[in-house]
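Q: Go by the hints and put chain B onto chain A.
Respectively, the protein sequence lines represent chains A and B. For the first sequence, the positions run 1 to 649 when my numbering is used. For the second sequence, the positions run 1001 to 1565 when my numbering is used.
In case anyone wonders, no lab produced these hints; they're calculated from the structure. Each hint can be trusted.
With a straight-line Cα cutoff of 25 Å, these simulated DSS-like cross-link-like pairs (lysine-lysine) come out:
{"id": "1", "chain 1": "A", "residue 1": "Lys622", "chain 2": "A", "residue 2": "Lys642"}
{"id": "2", "chain 1": "A", "residue 1": "Lys188", "chain 2": "A", "residue 2": "Lys200"}
{"id": "3", "chain 1": "B", "residue 1": "Lys1487", "chain 2": "B", "residue 2": "Lys1293"}
{"id": "4", "chain 1": "B", "residue 1": "Lys1293", "chain 2": "B", "residue 2": "Lys1462"}
{"id": "5", "chain 1": "A", "residue 1": "Lys642", "chain 2": "A", "residue 2": "Lys610"}
{"id": "6", "chain 1": "B", "residue 1": "Lys1041", "chain 2": "A", "residue 2": "Lys340"}
{"id": "7", "chain 1": "A", "residue 1": "Lys557", "chain 2": "A", "residue 2": "Lys340"}
{"id": "8", "chain 1": "A", "residue 1": "Lys568", "chain 2": "A", "residue 2": "Lys557"}
{"id": "9", "chain 1": "A", "residue 1": "Lys516", "chain 2": "B", "residue 2": "Lys1131"}
{"id": "10", "chain 1": "B", "residue 1": "Lys1016", "chain 2": "A", "residue 2": "Lys359"}
{"id": "11", "chain 1": "B", "residue 1": "Lys1258", "chain 2": "B", "residue 2": "Lys1397"}
{"id": "12", "chain 1": "A", "residue 1": "Lys63", "chain 2": "A", "residue 2": "Lys288"}
{"id": "13", "chain 1": "A", "residue 1": "Lys384", "chain 2": "A", "residue 2": "Lys156"}
{"id": "14", "chain 1": "A", "residue 1": "Lys557", "chain 2": "B", "residue 2": "Lys1041"}
{"id": "15", "chain 1": "A", "residue 1": "Lys516", "chain 2": "A", "residue 2": "Lys557"}
{"id": "16", "chain 1": "B", "residue 1": "Lys1016", "chain 2": "B", "residue 2": "Lys1041"}
{"id": "17", "chain 1": "A", "residue 1": "Lys231", "chain 2": "B", "residue 2": "Lys1041"}
{"id": "18", "chain 1": "B", "residue 1": "Lys1041", "chain 2": "A", "residue 2": "Lys223"}
{"id": "19", "chain 1": "B", "residue 1": "Lys1478", "chain 2": "A", "residue 2": "Lys340"}
{"id": "20", "chain 1": "A", "residue 1": "Lys223", "chain 2": "B", "residue 2": "Lys1016"}
{"id": "21", "chain 1": "A", "residue 1": "Lys156", "chain 2": "A", "residue 2": "Lys385"}
{"id": "22", "chain 1": "B", "residue 1": "Lys1041", "chain 2": "A", "residue 2": "Lys359"}
{"id": "23", "chain 1": "A", "residue 1": "Lys340", "chain 2": "B", "residue 2": "Lys1183"}
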Amino acid sequence: MIQEMTNRINPRELQEILLLEKPELNQEQQAMIRFLRRERISRPAVFLDVTSPSVIYGIDQFKVAVKEWGENNALDVDVVETGSLGLISAEPVIGIQIPGRARLYYGQITPLKLPSILDAVVRQVVPEENLIGQMLMASQQPWEGIPFWDQHPFFKGQTRYLMNLCGVIDPCSASEYIAWGGYQAFAKSLRYYTSQELLKLIEESNLRGRSGSGFLAATKWLKVANTPSDKRYVLCNADESDPGGYMHRILMESNPHLIIEGIMLAAYITGSGQAIIYTRSRYPMAVKRLQKALQEARSAGLLGSDILKSGFSLDIQLKRGPGAYVCGEETAILSSLEGKRGMPQNRPPYPATQGLFDKPTLVHNVETLAQVPLIIRNGPEWYKKTGTAESSGTKLFSLSGRISRLGVVEVPFGTPLKTLVNDFGGGVRNGQPLKALLLGGPSGKFVTATQIDTPIDFEHFEEEDLVMGSGSLVVLDEGCCPINLMKNLMDFNHQESCGKCIPCRDGTKRVLSILKSVTTRPANQEKFDALERFRGITRIEELAEVMKSTSLCGLGKTAANPVISGMKLFREEMEEHVFDRICRAGVCRNLRSFRIDPVNCTGCNICMIKCPENAIIGSPHKVHIIMEDICSGCGKCYEVCKFNAIRVL
Amino acid sequence: MIIEIDVNGRKIKARKGERILDALKANGIRVPTLCNMDGFKPTGSCRICVVEVEGRPDLVPACSYPVEEWMVLYTHSPRVIQARRTILELLLAEHPEGCLTCDRNRGCELQELADELNISCQNLSHVQVSKRIDNTSRALIRDNAKCILCGRCIRICEEQQAVAAIDFLHRGSRIEVGTVLDKGLSYSSCVNCGQCILVCPTGALKERNHMNDVVRSLHDPELLTIGLVDPAVMASAGEHFRSKGGKELRTSLFSALKRAGFNRVYENHWGLEKEATILTNKFLQQIDANSQKPMFLSSCPSFVQYVIQSQSDLIPLLAPVKPARQLMPMLLRKQISAETGWPESRIVVVYLTACIAAKPEAHTSIGPGSDGYGPDHVLSIREMYRVIRLLGINIDKLGVEMLPDEFGGNARSGYLPALSGGMTEAIIRILQSDASETSLPGGRPARLRGTREIREFSVQAKGRTFQMASISGLTNFKNWYQDVLDKNRHFDLIEVMACPGGCINGGGQPIAGPHTDIKSRAKMVFELDNLYSGISPSEDLPLPPGLELPLQATLATFLPREIIK
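Only chain A is shown next, with the shape it has when bound in the complex (with noise of 0.2 Å):
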């Protein structure tokens, strides 16, 4: 079993690999790393995706039934938990390997489908149906005819730095880690630089805060080294909760020994020795993978005191936060783990000078982190070639929203939007023409198709006045309501709001309601419904102005975005809203109103007896009519008429 014997390597015996000064390596040694990179197996491995989007899919029944095939074949059969690929929409994704071969994967299967699937490969024969592409590792067979997984559109063009072993290994294992080149820039590190030789190396690199803003990571570092302290701090921001971003709990649960190395490093370059992930009892298989792949660096030694032998001590704890969207603020993550209410403070100072417990904090996200590994592996001028002149490296996207193939991507600074949605993403599921796009979640900002072909770095972004967010990007075609949307992220701002600043805790509450007034219909038009919705449409972008230049933290500055943005762009979809109480995609139900086709209709009472509001008026056999003015626009008369006489407006 090559679980069994993986963990029969103890990771502390890779430390002779890390503490190897050149990477020369003697026969034992490079058959262990063959072994590790399951290059050369002996027996077929069945490798699971088994991350939070596979688990939906049932990962569980697929285990069972490779177990009953190898059972009913009398074959010794090898299963492998690994991580994700990002290619969401294809759960769940199955690698299958026989030895000497490339290692195949297939999508979107069923338990049922697996068996046929296996008995085929196992007599070398690729059924095309559902195959992603194969994977050509070294000294393996690749099967002929068979498109690469690379050329698939989906991962193709794409520069997968970051995302480079999610998917192939298994997650937690250090050993694997070890053997695919990882902690060896660490390693390096603690043996043969000091701390600010490494923070040249960051500086030159042009690392750039991949949380939003886009700040100069090395000012940050600086900053942290620089203060005199007897204790600094290294804080992972991994709270992330946008809606419909969800590429750092992918990364996490596929490869977190890559975001503990970069923290590890971190820790190393600011002189913390202490560091902290902040992540989310919402993801409890992030919390397990991270918290299993710390307990394996801790037994090869890359955790805790003296680490390698260089003097350097190192703890990385694993904090759960409550959950709440405002924990992912960075002060407000500070107040939590002090053990305070989840609220952010003011700033300055800044964590970087008076963080936690009032020391110096580097707080960083997960995928920010994630890129110091590959800048001190490969040098800064190797990082500064990809990407743009001013933001360098990659930035990982998760593409959601009416879009056909839904995953996490990576691409370099620079790459237009349009090769995103178009490209990767498939384009606008069904064919259907492109609305807009929302970036950045619910402090995000809308994209129309006019602006698709923005290239991707912060320069750009600024010039157009977008904002890139976390990486959040979903995808709206015509069948969606703006309206609609930005009232559901207003509610989402509303509700996650710590409540603490005036403008953010009444201010979304306000601009909500305002919102539901023009998505809605009032039961009755007795009371002045109609002025106060017209006052309010007066007050809206005054409210958002204050809004954005007065709350206190980030949530509240951008909560107005997606209104502030959608004003702007669908400004004849508000009119219409506000003005003709109509919604062009039907999605503002409420707004629906109802006519019944004199033609069509066979007086049958059905929905008159099913109407909640009384509406219908009519007698058996004679055609029914709707009163306007008491219909709520609920649609039940039209889910209910057999006789296709009930016309929506």
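A: Relative to the frame of chain A, chain B by itself:
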């Protein structure tokens, strides 16, 4: 480092790193604030104090942003004023509209701010918010509907008083201030000090109202209403009236109270003097018994409550002496009943004080379960002012018509306990009153007086040196006492007052915002004390006839009421 920054086109001098708000204040530029409390770490939650900094896209809060050289500020630009007005409108849109019937009408910071920002009509439609009123406590009432969530009460409770009875609950627009598990103040660690009332900008926090009961009893010919005035009242009641307080007020206040219908009005002097005497005796007994432990004075009800809730190991160290505010009503009832023949049950004693924590002690003297002590009603200074105003008495026009009634005789240190350290000084006076002792130069211990909240001093009397300390503010006490324990320092007598400065800054004092000037109040107390400090020592006070027995009988069991329970 002094730097120059540009504000509204004018150069002003400021210290680098100080808060913008302080720099502006020093230069006479007023920026409105709601959540700011000087001396506390800014939270920046109200955002009313935002100012425009050139080159920054957003507005920055003046209360927390430090001054830097490059700054060009605009404090009242159209954009800033618009932002402030919008923020205030958002607040007002959910604030109850019953200003006319609010306790804080005409004394409300929100009202003032609305006036200052010239908000004449509501642009945002008003939303009625219904929230539960927390009236579980017998001292304080919290009305969350009126709360604007500035968080001042939370900070004062946690940072100044180390009580942390209240905090924010829930989040988003459901956020409200509440106690643990939202059960109400009486289930919390609240010590009833009432400091939160003093800092609340609106009427969300107020004392439990005894005013109507008092007015009813004043009007009831069947009841004999007695007023018992605490010395702390003299220090600050003048802030409500036009007169300056102190000496002038003393004469006219008693006239006013008598005109209002109090049949008799007493000062609490004799009681406090007696309390000091009993405390001195207990203290000497303890010293004679060679106890190495300090004695804590039990005069402050909030401190006693705090000890019971948070520092229960100190309970045995509390002086087993009934405080004057509980002793005096009982004695008054007995004496007046003996003098006039009124049944004790129809004598109503109203205690006029600056203490909110005395409120729960009311209503316990009559009826089943009562122990006969304590006043019937407790009026804060604010309520006293309202009663006087309600009954149409213009105190400024009143001269010396009527003096307070006499009870027990003159007291020497009757005014001092209004201050932190006052009761200690009264005890020292008694200790040093022995003619054979040489008293300290100037007749008072030099370090005893002052406005510092932590004072330690050694006193020579009766041929020994006593280590004493007087602390005010519970956080001060908590930190100080921890330090004493850590360093194993010895004290003989420790006086703790929950309110910083003592009763002159009590929860029932007139509300002067978060920056009360307690120095002038202290000065007033010292002025009054000078009038009396020359008279004969209290041991010579004759006891009123017929009162020796109950007094002697109760002395033995003089424990604070809370401990008996």
